[in-house]
Each structure stands twice: as structure tokens, then as C-alpha cells.
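Taking the hints into account, I'd like the entire structure generated from these sequences.
In the order they appear, the protein sequences are chains A and B.
Note that the first sequence ends on residue 386 in the numbering used here; no numbers are left out.
Note that the second sequence ends on residue 312 in the numbering used here; no numbers are left out.
By construction, these hints were calculated from the structure, which means they are not laboratory data.
Computed from a predicted structure; not experimentally measured.
Just so you know, even glycine gets a beta-carbon here, dropped at the ideal spot from N, CA and C.
Do not take every clue at face value.
Some, not all, of what chain A presents toward chain B, calculated at C-beta under 7 Å [unchecked claim]: (1) 279; (2) 283; (3) 284; (4) 286; (5) 291.
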Amino acid sequence: MGFRIDKLGVVIAALLAYGGFLAPFANFRANRIVPGEARWIIEALPAGYGAALLAFIAVAIALILLKTPTLFRLVLGLVALLALAVLIGVSAGHLTPPENTYARVSPASGFWLSSFAFALLTADALARLRLSPLARIGLLLAVAATVAGLLVSGIWDGLSILKEYGSRAETFWLEAGRHVVLALGSLAAACLVGLPLGILCHRVPSLRAGVLNGLNIIQTIPSIALFGLLIAPLGWIALNVPGASALGIRGIGAAPAFVALFLYSLLPVVANTVVGLAGVPRDANDAARGIGMTGRQRLFGVELPLAFPVILTGIRIVLVQNIGLATIAALIGGGGFGVFVFQGIGQTAMDLVLLGAVPTVALAFAAAVVLDAATELSNSKRGRAA
Amino acid sequence: MIEIENITKRYGDNTVVDTVSMTVEPRTITVIVGTSGSGKTTLMRMINRLVEPSEGMIRIDGADNRSIPGYELRRHIGYAIQGHGLFPHRTVAENIATVPTLLGWDKKRIAAKVEELLTLFQLDPAAFGPRYPHELSGGQQQRVGVARALAAEPNILLMDEPFGALDPVIRAKAQDDLLAIQKHFGTTIVLVTHDMEEAFHLADKIAVMDKGRIVQCAAPEEMLVNPATDFVETLIGAEERPFRLLSIGTAADAAEAGEAQGEPIAASVSQREALSSLLWSGREALPVVGADGASLGRVTLAGLARRAARPQ
Numbered sequence: 001m002g003f004r005i006d007k008l009g010v011v012i013a014a015l016l017a018y019g020g021f022l023a024p025f026a027n028f029r030a031n032r033i034v035p036g037e038a039r040w041i042i043e044a045l046p047a048g049y050g051a052a053l054l055a056f057i058a059v060a061i062a063l064i065l066l067k068t069p070t071l072f073r074l075v076l077g078l079v080a081l082l083a084l085a086v087l088i089g090v091s092a093g094h095l096t097p098p099e100n101t102y103a104r105v106s107p108a109s110g111f112w113l114s115s116f117a118f119a120l121l122t123a124d125a126l127a128r129l130r131l132s133p134l135a136r137i138g139l140l141l142a143v144a145a146t147v148a149g150l151l152v153s154g155i156w157d158g159l160s161i162l163k164e165y166g167s168r169a170e171t172f173w174l175e176a177g178r179h180v181v182l183a184l185g186s187l188a189a190a191c192l193v194g195l196p197l198g199i200l201c202h203r204v205p206s207l208r209a210g211v212l213n214g215l216n217i218i219q220t221i222p223s224i225a226l227f228g229l230l231i232a233p234l235g236w237i238a239l240n241v242p243g244a245s246a247l248g249i250r251g252i253g254a255a256p257a258f259v260a261l262f263l264y265s266l267l268p269v270v271a272n273t274v275v276g277l278a279g280v281p282r283d284a285n286d287a288a289r290g291i292g293m294t295g296r297q298r299l300f301g302v303e304l305p306l307a308f309p310v311i312l313t314g315i316r317i318v319l320v321q322n323i324g325l326a327t328i329a330a331l332i333g334g335g336g337f338g339v340f341v342f343q344g345i346g347q348t349a350m351d352l353v354l355l356g357a358v359p360t361v362a363l364a365f366a367a368a369v370v371l372d373a374a375t376e377l378s379n380s381k382r383g384r385a386a
Numbered sequence: 001m002i003e004i005e006n007i008t009k010r011y012g013d014n015t016v017v018d019t020v021s022m023t024v025e026p027r028t029i030t031v032i033v034g035t036s037g038s039g040k041t042t043l044m045r046m047i048n049r050l051v052e053p054s055e056g057m058i059r060i061d062g063a064d065n066r067s068i069p070g071y072e073l074r075r076h077i078g079y080a081i082q083g084h085g086l087f088p089h090r091t092v093a094e095n096i097a098t099v100p101t102l103l104g105w106d107k108k109r110i111a112a113k114v115e116e117l118l119t120l121f122q123l124d125p126a127a128f129g130p131r132y133p134h135e136l137s138g139g140q141q142q143r144v145g146v147a148r149a150l151a152a153e154p155n156i157l158l159m160d161e162p163f164g165a166l167d168p169v170i171r172a173k174a175q176d177d178l179l180a181i182q183k184h185f186g187t188t189i190v191l192v193t194h195d196m197e198e199a200f201h202l203a204d205k206i207a208v209m210d211k212g213r214i215v216q217c218a219a220p221e222e223m224l225v226n227p228a229t230d231f232v233e234t235l236i237g238a239e240e241r242p243f244r245l246l247s248i249g250t251a252a253d254a255a256e257a258g259e260a261q262g263e264p265i266a267a268s269v270s271q272r273e274a275l276s277s278l279l280w281s282g283r284e285a286l287p288v289v290g291a292d293g294a295s296l297g298r299v300t301l302a303g304l305a306r307r308a309a310r311p312q
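Right, dumping it as C-alpha cells:
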């Protein structure tokens with residue numbers, strides 16, 4: 001029998017070969033703002049560890065190139081990711097001189113590329129396995145638990161990003177809370193307004209084009225410009241409406257950020273509600289009327305349940321978009337993970353940027369997985385396949 | 001009884017139904033036929049007020065159908081449409097239970113009704129009740145659609161081309177089932193179709209609509225013998241007349257005293273089918289047997305030929 005080559009495997013193997021053998025694994029800096037010095041795997045890890053990792057990567061490249069069983073690829077990807085996660089922590093301990101609290105060790109391009117390659121392998125295997133929605137959520141929880149375990153174990157404590165965290169742990173959780181409140185709160189507000197608006201647009205066709213075009217225009221305004229545009233009206237409200245400033249409404253800060261995110265969220269929610277309701281079979285709707293359902297019974301008993309998977313898809317778009325966009329809120333004093341990103345850029349401290357960026361990406365990723373699973377569940381429960 | 005008086009429906013300048021009057025007798029099947037756009041569906045939808053008339057009045061058992069809210073009226077009138085219109089997100093049992101639930105029946109009574117109807121439509125309640133509509137064949141979906149329409153025991157059942165989406169074999173079966181069920185419940189049925197074969201097979205009375213008006217409303221035999229206009233004659237199809245006449249009556253009606261050899265004919269089949277059996281078997285006569293197997297005599301070629309001739 002001949003060996004067959006896996007097409008995606010070629011790409012992954014190329015990434016791995018470059019990331020493992022040609023790119024630096026870790027970055028060493030004498031303090032947090034000087035330029036770093038690259039360290040390749042052999043230098044970055046204690047004797048033996050480096051050689052073992054290189055050998056492991058070489059074997060993995062061969063296995064990934066060939067068509068191997070999907071489950072095997074999944075396990076290989078997960079084990080490799082775990083190994084990389086542990087080893088970058090080991091590397092930090094190895095590279096930092098004893099008793100030196102100024103030196104910083106951070107992951108370098110080789111680590112990121114190798115991790116990306118193995119993540120790609122895992123994602124590809126997962127897609128091919130067609131896991132059930134609940135199994136995917138289970139896997140997400142397992143990964144989250146593993147990451148939490150690694151954090152608690154202290155193995156990553158030597159890494160620069162955690163040193164940045166260590167010096168501002170309290171602020172981190174405060175900003176994390178603000179970030180989540182901004183993203184989820186604006187989503188909730190968008191649902192409260194967008195669902196009825198979408199239903200109205202569905203019922204009154206003459207409204208539809210106007211509302212959707214208006215929301216489309218809002219969507220095209222760059223976020224920073226929208227913040228700027230909101231400063232004047234919100235400032236006016238804070239000054240002239242009694243009680244408004246007591247509620248925290250100001251020209252800058254969380255209020256304009258919240259309003260901007262809310263406005264961006266409206267289009268996906270309204271548009272998906274309209275599309276979902278339009279997709280309800282005519283027959284089912286006619287029959288519902290013909291057997292004596294009132295308008296309200298038809299809406300809640302037939303139309304909304306049938307449109308629900310499409311509406312949920314809109315909510316998924318909004319949530320992932322909002323988690324990302326909420327970082328910009330820091331620009332106008334709205335808080336959130338963006339605070340660390342912009343502080344980091346200001347101080348050219350990339351570790352601080354990562355402290356804001358990594359949790360944002362993780363949150364968006366988790367939200368996407370959970371809502372995708374929810375959409376699939378709601379779809380499969382209501383047998384819609386013809 | 002449904003009394004339609006001078007009912008008119010206009011959309012802008014377009015008159016879809018034009019001063020129509022007709023009466024539907026209780027416990028009968030009235031079939032409204034006509035070409036597309038003749039207004040037959042609109043006429044039917046004004047009975048349960050899915051369409052509100054521009055002028056005129058419809059009385060159901062003596063009461064104006066506008067005396068209660070539309071949705072309440074519709075809960076007491078069965079409604080079945082082409083392509084069944086089942087709710088894809090509800091199971092078969094939930095679909096059938098829709099109207100009884102709206103009417104606030106207690107759970108036990110609803111469950112009993114669902115079981116009764118599924119059994120009546122030859123669908124095993126245990127097997128089909130929990131399934132979703134997309135898991136059923138077209139014929140089964142159609143039966144569930146009619147079962148849902150009958151769930152609240154309505155006196156009146158409105159059907160809009162209910163068998164239009166079915167293949168010929170299943171359609172014939174569905175039509176026979178409908179006749180049996182109409183006998184069982186004594187329901188008054190108004191059915192809209194463009195299939196003349198179906199109309200003659202099912203109808204006690206046929207109403208022919210053309211351009212918003214009823215051009216003739218009569219029993220099938222009457223319509224065959226005295227078509228009111230050329231349009232009615234064209235719709236019936238001149239060359240089909242003898243066969244249409246035979247398709248109205250059953251073999252039992254045509255049975256004569258006497259004996260015959262050969263494969264017996266069931267008393268319930270139409271005379272048209274009996275003729276077909278005679279021609280195909282090459283015999284002059286065949287025995288007729290009742291549902292219990294007892295002999296009812298025989299049908300003869302000559303006898304059927306007399307019945308197929310234009311009545312004097």
C-alpha cells in the first residue's frame with residue numbers, strides 16, 4: 001500500500017517546520033520595554049527538553065503530512081498544544097536569571113506559529129469528526145478547565161504576560177467585568193429593541209427598506225467616528241436632562257461606548273429577525289390563521305419558533321462582534337480589555353497589549369462556539385429538513 | 001347550513017367575487033370548481049372570514065358569521081389546505097391538538113381525541129403521534145392535516161385543493177377516506193378544486209365559478225344533463241359525460257337481480273369502475289357483493305350502458 005498525502009497537512013507541516021526549526025521560540029528582554037533577544041528552542045529550554053521538543057515536532061510533521069486517522073490527529077493536536085503550553089512556562093523559568101524581577105520572557109513567533117499549526121490540525125480534525133453540539137461545548141469546557149488549571153498551577157507565572165497581570169490583577173478583573181457588561185449589555189439592549197423592530201418591519205413592508213437602510217448606514221460609520229459623533233448629544237443630555245448624569249451618562253466614558261455598540265448590534269438582530277420571519281412557510285402561516293390562532297398566538301406559537309435559528313445566528317454575529325469592538329471603548333474612557341491594549345501600545349509594552357488581547361480573543365472564540373452549538377441544537381430539534 | 005347572500009369581494013377596481021348567493025345544506029359535500037382566478041378560493045375564505053367581504057352577508061346555522069371575532073369563528077370551522085400547512089416544529093400529536101388546546105380542552109380529552117383521529121386515519125397513534133411532519137410521507141402529512149382540521153369536532157370543514165399535491169393513487173385513497181369520514185361525522189364540507197374528476201366523485205352539489213360569479217350550482221347529474229352555459233359544458237368535457245354520469249353512482253345502485261360468473265365487484269365502487277371491470281374481463285355481467293360478502297345480484301354491460309345514456 002502507498003502512503004497518501006493530506007492536502008491541509010502540507011500547509012500545517014510547512015508552518016510547523018518554519019515555526020519549530022527556523023523561528024525563535026521565546027523572547028528574552030532585560031526589562032519590559034527594551035527590544036527582545038530571540039531564543040531558539042534549543043536555547044530556550046533546559047537541556048533535553050529542547051531536543052525532545054524538536055524530535056516531537058519532526059515526528060509530528062511526518063504524521064501530519066500523511067493521511068492518518070482523524071481521531072489520532074485530534075489527540076495529536078491537543079497533546080501538542082498542551083505540551084507547548086507547558087514548555088513555554090518551563091522556558092520562562094529557564095531563561096529568567098535567578099532573583100531577577102526585571103527580566104521578561106515572552107512567547108516568540110516560533111511558539112505562536114507552532115501553536116497555530118497544531119490548533120489548525122485540531123480544528124480540522126474536529127470539523128471532520130462532526131461532533132454533536134453538546135460534545136463541542138463539553139470540549140470547550142474541558143479546554144477552559146485545562147487553561148484554568150495551568151494558570152492556577154503557577155507554571156506560567158514566569159511569563160511576561162502574567163507578570164503584567166500580577167502587577168495589576170485588581171484592575172484586570174474590574175476591566176474584564178466592564179468588558180463583559182459592555183458586550184452583553186449592548187447585546188441585550190439590541191435584542192430588546194431589535195426583535196420588536198424586526199417583527200414590525202416584517203408586518204409593515206413599507207417600513208422595511210427604510211429601517212434596514214438606516215441601520216446599514218450606521219454600520220458603515222467607523223467606530224471611532226461614531227464615538228466622536230455621540231460625544232456632543234450625550235454631553236448635552238448629561239447637562240440638560242435631570243438625573244441623566246447620575247445614571248452615568250456623559251459625553252465620554254461607558255455611555256457613548258454602550259450606545260455605539262448597541263447601534264452596531266441593531267442591524268444583525270433586525271435583519272435576521274426579518275429574514276427569519278420571511279422564511280416561515282406560507283402554508284403553516286395560512287393554516288395557523290385558518291384554524292383560529294390570534295395574531296399574538298401565531299407570532300409566539302408559529303412564527304418566532306420557526307424563525308428562532310435564524311435570529312440566533314444574528315445574535316451570534318452580534319455577540320462576537322461586540323466582544324471585539326468593546327476593546328475600542330477604552331479610547332473614550334469606557335473601560336474594558338482595551339485599556340490594557342492602548343496602555344501597552346502607549347508604553348510599547350507588547351506584553352501589556354497581550355494581556356488585553358488574549359482574553360478578548362478567548363471570550364469571542366468561546367461565545368462563537370457556544371452560540372454555534374445553540375443554533376445547531378435549535379435547528380435539529382425542530383425538524384426543518386424537508 | 002351555510003347561507004351566502006349577495007357576497008362581493010373587491011380589491012381596488014378588481015371584483016374577485018361578484019354578488020354570489022348560494023346555500024350549502026347540512027351534512028353535504030359542496031364542491032366549488034372553476035379555473036384559476038375565478039374567485040373560488042376567495043369565496044371559500046369569506047366563509048371563515050380569512051377574507052372579509054366588501055358587501056353581502058354569510059350566515060352559519062342562521063347566525064351572521066360576523067357576530068363573533070374572526071379567530072373564534074375559525075376555531076369552530078375546520079380548515080385544510082393544499083400542502084397540508086402542518087407546523088414543522090410541532091409533532092403530529094401537537095399539530096392535531098392545536099385547536100382543542102386553543103379552545104381550552106382538558107389534557108385527557110385532547111389526548112383521547114388525537115388518538116381517535118389518528119386511528120380513524122389509519123395512523124398508529126403510538127408510532128406517528130411523536131413524529132415530526134417532515135418524517136411523514138406526503139399522503140400521511142395530508143391525512144394529519146385533515147385530522148387537525150377535524151380535531152375540535154367542527155360542523156363545517158373547508159378544504160382548499162386538499163389533495164392537489166398528492167399522486168393519483170394516494171389521491172384516490174384520500175378521496176375515499178374523506179367520503180367515509182364525512183359519513184362518520186356528518187360534517188358539512190365545502191371543497192375547492194379545479195379537478196372535475198374529483199368534483200364528480202365527491203360532490204352532492206357542484207358550484208361552477210367563472211369570473212367571480214357562480215354560473216351554475218346543481219347536483220352532478222343535473223349539471224351533466226343541463227349544463228347552464230357553454231363554459232360549464234367545456235369544463236365538464238363533452239366526451240367525458242357518460243363516464244362522469246357513471247362515476248356518480250355506486251355498483252350497488254346498478255345491481256340487478258340475477259347471477260353471474262367471474263371475479264365479484266364490491267358494492268361500494270363506482271359504476272365507472274364496474275364498467276371498467278366488465279370491459280377488461282370481457283364478460284357481459286359480473287356478480288356484486290356487499291361489504292359483508294353477501295351477494296347483491298349482478299351488474300351488466302347493458303344495464304350500465306342504459307345508465308350512461310343521456311337521461312330523458
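What are the numbers of the hints that this structure violates, sorted from low to high?
-> 1
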